[in-house]
Amino acid sequence: MWRIHSALWCWALVWMWTAASVEGKEIQLLNVSYDATRELYNEVNVAFAKHWNERTGDTVLIRQSHGGSAKQARSVMEGLPADVVTLALAYDIDAVSKNSKLLPADWQQRLPENASPYTSVIVFLVRRGNPKAIHDWSDLVRPGVAVITPNPKTSGGARWNYLAAWAYALETLGGDETKAKEFVARLYRNVPVLDTGARGAATTFVQRGIGDVLIAWENEARLALREFGADRFELVMPPLTILAEPPVAWVDRVVKRRGTEEVAKAYLEFLYTPEGQEIAGRNFFRPRRPEVAARFADQFPVVRWVTIDGVFGGWAKAQPTHFGEGGVFDQIQAVGR
Amino acid sequence: MPGFGLTMGYTLFYLSVIVLIPLAGLFLRVLGMTWSEFWGMAMSPRAMAAYRLTFGASFVAAVINVVFGTLTAWVLVRYSFPGKRFLDALVDFPFALPTAVAGLTLSSLFAPNGWLGQVLVPMGIHVAYTPLGVTLALTFIGLPFVVRTLQPVLEQLERETEEAAATLGAGRLRTFVSVVAPTLFPAALTGFALAFARAIGEYGSVIFISSGRQFESEIAPMVIVIRLDEFNTNGALAIAVVMLVASFTMLGVINVLERWVSRYQH
Amino acid sequence: MAGNTPRRVRESHRKSQRGAEETPLVKWLLVGTAGLFLLVFLLLPLVNVFAQALGKGLGAYFKALEHPDTLSSIRLTLLTAAICVPLNVVFGVCAAWAVAKFEFRGKALLITLIDLPFSVSPVVAGLVYVVVFGLQGYLGPWLADRDLQVIFAVPGIVLATLFVTFPFVARELIPVMQATGTDQEQAAMTLGASGWQTFWRVTLPSVKWGLLYGVILCNARAMGEFGAVSVVSGHITGLTDTMPLRVEKLYISYDSTGAFAVASLLALLALVTLVAKTWLEWRQERQFEAAQHVETSTSRDEGTGPT
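Residue numbers (the numbering used here), protein chains in the order written: chain W, 126 to 462; chain L, 3 to 268; chain H, 5 to 311.
Okay, chain W solo, but in the shape it has when bound (with noise of 0.2 Å):
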């Protein structure tokens, strides 16, 4: 019976290792946000706990999870216990303050610029010496151009890829809706693999060398860029984009529950000190401030953009239209096969 005996101890150290290893008495805050933002908040997360413990004494340790923005505002109201939501798009933390009430309607005037301390760009991402010749919207549409895109059902990045297309769609078509349709139709009838999130599609069209062209966040790209280097691909920024403001929100009632309102609060707006903004920046991030943006003006080129207020109404407007049950995306899809 020794055996038996000995193993029952060594399930006993098992657990005081685990149980040893879930107690301890530092500040725990979990940061649920998209794809494209896992590089960025790593290194946010070391600043803001140098920063916290400087201030305060105190130590906070960050958790994150990382997807497709939509999915993980659902998560949230599933009940994926987030003490600060950084989403890709407003209209997904809308979501989670209409269907749950864990946070005021009001959020996005709670911080400055919008509650989103950076912003970014839609871009191209193509295989080395752009093969296909890829350099503006109308050439995704053409037969034999395999484009990746993420789902915009689940993906933030998605819905701005979707709708920098339509808007693309609209100047150069006279601004006919049925011709927008037609023309976003033909593009998703050339998407091969719809990711739920960025950072699949990335990992498709990266890794698996899948499709001619990614559809990315510019700062997707530019990772995508600097971690498999410049001989593999080529970044296109086209001649019209869409501006993407990722906003950023403390969620109340976790907060409040949980006691981290505080340094929630002060992690979220530590996004905005010149630090915060550096970072953002040296992650590919647009920063807000001018004197940070101008230190990396090279990287980011001066491009047209429209914006989702200006040519959509804004996300309470769109995304029902677009990407709601029975909307447009969901017609095009139906009508694709």
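Quick caveat, the hints were computed from the structure, so don't treat them as lab data.
It should be emphasised that the depicted structure is a prediction, and the values quoted were computed from it without experimental measurement.
Heads up, some of the hints might be wrong.
Said to hold, decoys possible - Here are some of the chain H residues that sit facing chain L, going by a computed Cβ distance under 7 Å:
1. Val35
2. Phe41
3. Leu46
4. Phe106
5. Gly199
6. Gln201
7. Leu278
Glycine included, each C-beta is placed from N, C-alpha and C at the ideal position.
Let chain W serve as the given structure and place chains L and H on it in line with the hints.
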């Protein structure tokens, strides 16, 4: 004997809490849908394409496994050769290896710069990120089931009948086809069913090696996860129910087959 | 089910082989084909895991493993197995006792139900718990009001793992207990032993190898489960990532060395499982041979399971 009430009670309690009640919850949710709603989601073109790949690739994988599994079992039971014990133990490797690791290493082996991909890709054989890769992963995870079903049957096979056939002048191949094969058939079929049943539910190994192209490289569990990520829970449930019905059917078929095999053996 | 049924003890027919034997050429051709197939198809993937993990040197390998998030995923995986294996052992022993020692109606149905999780897709297994415990599900709102977190936390991961590893121990124990019968227990009780004493002193020792076998397989699956856990985890880095989930996360973070480093630990686990399994089978075989020897040479009233 004491303890029937206690053990039976606990068995039923645990079975209900972990398996039956949650599964019933799932079916209850589905019953809340209208029939046309359910049917539309369960049989959408994308789901249909995924079923085709799931069942088709699982079928092909199980066939490959029967061929190579029979060969392997035969070699392991009938012959002695150096390294036999090692190969015998190796057969269980796919069973012991976490599926995510299997998918990761297979996709890296067959990627254009992988050990096997380097050779195959220039020959025009693309395995990684194609339906072929999905089939390969399903073959990998199914192999032990066929070998381990056939081994005991082969071990109990009466050598005398084979010898009698040989005495009557039958060649070795002829003996195998007309004497050995019919005896092995029920076990081979059971092995096939087990490998097939295992393959249709597989997820972990496939997601690494599948390209995820809709209508081409998507298996049914992947569509369930995608629907879930879209928070189209009903859509996920509809496909899940189809898969559950398929698994229950396979479970029934396997039960019948196993009874058949044991009757055959005695 | 094959693969997890203890191999029936070998009874090789080494008797006459005249005429019923392939020519050496055919034999070696078959052995060569099967051997090559197994080596390329099974061994190469294994070697590849370690080659990729160690490709950038030992330093990079250990650096990848020392990452705090990787360590926490190892911890979570161990914790999950440490909870799931004992629970399934208790269940397996109970189920095997009820099924093997008693006759009752619906026995076949019960065994089929115990097998059920084997045939359910892991993804569906995870989905089932989302439906029950999600905030949009049956119990979610009630749990949320009481600040109880099930899915997207450790309890959900444990539940999903319990589901997929559910039959392993029971499946191994039922045939073993059926084979040993009830004679010894009845003898012990006639001699005045209580039910518990009989169980601890007689039943458990006689099935301990089958039990260990089930534990090994259950543990391997508990530590390696991907699909079911992936659905309920919430993927919080450093908190709800198990080792297989960590492998995937590192892979899509463009960190191939890290992914393979964690994968190599899991492959190592598989190897340990295989060695333990082979060793157990070898022991069982020897025990069986010894028992047969005893049975034929000495009187019959000796117990089958030497402790």
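Comparing the hints with the structure gives:
Hint on valine 35 of chain H holds. Least Cβ distance to chain L is approximately 5 Å, under the 7 Å limit. Given the 7 Å rule on beta carbons, the hint for phenylalanine 41 of chain H holds: about 6 Å separates it from the nearest Cβ of chain L. The restraint placing leucine 46 of chain H at the interface with chain L holds, with a minimum CB-CB distance near 5 Å, inside the 7 Å limit. The beta carbon of phenylalanine 106 of chain H comes within 5 Å of a beta carbon in chain L, closer than 7 Å, and the hint placing it at the interface holds.
Checking glycine 199 of chain H against chain L: minimum C-beta separation of about 4 Å stays under 7 Å; hint holds. For the restraint placing glutamine 201 of chain H at the interface with chain L, the shortest Cβ-Cβ distance is roughly 11 Å, beyond the 7 Å limit, so the hint is violated. At its closest, the beta carbon of leucine 278 of chain H sits 5 Å from a beta carbon of chain L; the interface hint therefore holds under the 7 Å criterion.
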